[in-house]
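I would like the entire structure built from these sequences, with the hints used as guidance.
Protein chains in written order, with my numbering: chain A, 1 to 413; chain B, 1 to 242.
Everything hinted at is true.
Covered, in the sense of this in silico footprint (three residues per stretch, anywhere, with C-beta under 8 Å from a C-beta of chain B), are these stretches of chain A: (1) 8-17; (2) 311-322; (3) 325-333.
These are calculated hints, taken from the structure and not from any lab test. All C-beta atoms in this analysis are idealised placements derived from N, C-alpha and C, irrespective of residue type, glycine included.
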Amino acid sequence: MLTNYVKLAWKVLLRRKFFTFVSLFGTSVTLLVLMIASAMLDHSLAPHAPEVRLDRTLLVTYMSMRGDENDWSGNPGYGFLDRYCRGIPHVEQMSVFTGVHATSSFVHGGKVELQLRRTDAPYWTVLDFAFVAGQAYGEREVADGARVAVISESAARNLFGGRAPVGQTFETQGQSFTVIGVVRNVPRDRDCAYADVWAPMTTLPTEVWRTALMGDFNAMLLADSPRHFREIRAEFAARLPHVVMTEPDRYKTISGMPRTRLEDIAAEAAGTTNDVPRTGLFIGVLVLLTLLFMLLPAMNLVNLNISRIFERMSEIGVRKAFGASTGHLVGQFIVENIVLSVLGGAIGLLLSLWGLQLINGSGMIPNADFRMNLRIFLYGLGLAVFFGVLSGAYPAWRMARLDPVEALRGGPR
Amino acid sequence: MSTMTDTVGAAVVDPRRPAAPIAIRLTGVEKIHRTDRIETVALNQIHLEVKDREFLSVMGPSGSGKSTLLNVIGLLDRPTKGTVEIGGQSVGTLSDHALASKRNRDIGFVFQTFHLIQDLNVLDNVEIPLLYRALPAGKRRGMAQEALERVGLSARTEHFPSQLSGGQRQRVAIARAIVGRPSILLADEPTGNLDSQMGDEIIAILEELNRAGTTVVMVTHDQRLASRTARIVRLFDGRQVE
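As structure tokens, this is what we get:
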């Protein structure tokens with residue numbers, strides 16, 4: 001029966017070319033946008049190099065200090081992370097690193113824009129960078145405050161042209177760094193990894209950062225398993241009341257919580273600060289937005305489908321006369337719509353492959369490397385099928401409930 | 001107990017012969033079409049028995065209720081009043097799903113305007129009733145081929161309706177009506193869109209099917225064709241007048 005429905009759907013689509021074109025256009029453009037959005041979201045949330053262990057990483061990126069008259073919310077400082085976040089049970093490794101800062105270097109009179117991040121040594125083992133030359137700095141270089149740097153391929157090209165970059169020096173922020181390693185470019189949306197230049201955090205020009213509770217640092221807590229996130233958070237929360245406030249007259253408490261990347265994004269979207277946000281709500285809002293976005297083209301398709309009822313009255317009457325039940329007809333018309341939507345989805349997929357290439361090459365998002373994968377393809381397929389059901393169910397129900405006598409009478413003669 | 005018909009088509013008892021099974025029985029059937037302001041009586045107190053293997057014509061002027069009668073017999077329309085029995089089973093209480101199933105197994109339709117699905121070829125059109133019986137594809141194909149052979153169209157299986165003449169289309173429609181081997185065939189002016197030669201060919205096929213055991217009820221305007229059937233029922237303004 002299903003084969004027959006699909007076969008008939010194919011014949012109907014070939015026969016009604018204008019309808020097919022309009023439907024495919026609407027479906028494929030809708031799915032193009034949704035698939036590109038899915039690819040970008042997937043790329044931000046799913047483990048991708050260098051953030052290959054993102055699924056078992058908790059991030060400490062946002063803390064708040066409160067006093068009677070003062071509030072300070074933002075990135076934690078190294079002092080807090082170093083003193084109060086180390087040695088938490090179930091945390092295999094912890095890495096501390098700064099945010100990225102735009103800086104520049106002058107080469108042969110020309111200005112090279114760079115994004116600089118300072119990190120500790122475990123940063124290079126928590127993350128998995130692809131080195132094309134040299135190596136990362138280790139504990140000794142960090143302890144010594146060695147002026148060494150790992151740079152990206154694009155930074156190497158911009159700074160040194162065709163010369164081998166390892167061993168070369170460059171200046172930025174008034175400091176001279178020797179390149180000891182070169183890594184493949186990191187996309188901008190890999191929040192913890194992205195930069196052009198990575199240097200030991202001990203190369204920071206002042207020493208204030210070492211004790212500050214709030215500042216410009218972040219931490220990655222690499223758990224032995226995501227199952228232990230709850231225990232890690234509990235231990236983190238238990239330590240907060242013991243934090244010795246450095247300015248007790250201004251700030252009396254400090255609060256915050258390690259979060260997953262999804263929770264971080266959800267918190268940012270919701271404007272929540274300290275608590276672990278309800279990611280279910282965030283996902284629910286995303287699903288709702290997706291539905292709303294699909295609703296308009298779906299309504300259009302519903303409209304088109306309803307107008308097709310009049311074209312196909314005779315067929316409906318005949319099928320009813322020869323024993324088709326309402327269920328049979330609903331099934332047939334929904335399958336037809338799903339076939340149409342899956343075709344639209346396939347075109348949308350091809351368009352989104354092209355669209356992602358366009359985005360990657362446009363430079364809008366530095367080092368963007370959005371790609372399709374099976375997961376996104378399955379999202380797309382699911383969306384297409386859902387779209388087919390959404391836009392086909394009501395017209396199918398109306399078609400199937402037509403009185404057979406009326407249908408036969410009103411059919412084309 | 002047996003029955004025979006008088007001149008007005010009503011069944012009377014003939015105690016001398018064994019009873020022929022009744023294929024269709026309508027008792028006190030009325031059909032009233034209601035809109036907000038108008039009530040139209042399409043059928044009024046119809047009492048009709050059609051014996052198994054009978055070939056019956058229904059005649060009457062336009063609007064006399066012929067097609068409505070056929071629709072009620074064919075379970076496409078429910079009567080406002082009265083009972084309908086098909087093959088001895090009263091169908092008044094059957095659900096829509098059960099009615100669909102009974103139409104599929106017991107009844108075949110032939111329409112004046114053929115009502116073939118333009119998107120499907122001849123073989124696929126003929127297969128339609130079998131789709132709703134969940135038969136395997138091979139068996140469906142075989143039965144459809146066989147039905148097309150019976151109407152002399154086995155060489156046109158891959159043609160589309162638009163590639164056929166009117167007479168050929170009606171043959172396809174007949175093949176579709178008989179493919180599921182129903183016991184009753186309802187034909188609503190099957191020759192209405194055909195010239196007299198093709199009309200005769202179609203009637204010859206219906207007669208052949210009737211001889212092979214199918215009960216045939218045919219609505220027609222054509223007295224010449226109706227006279228070839230065993231009995232004529234005449235309607236006027238929804239009433240059975242002869």
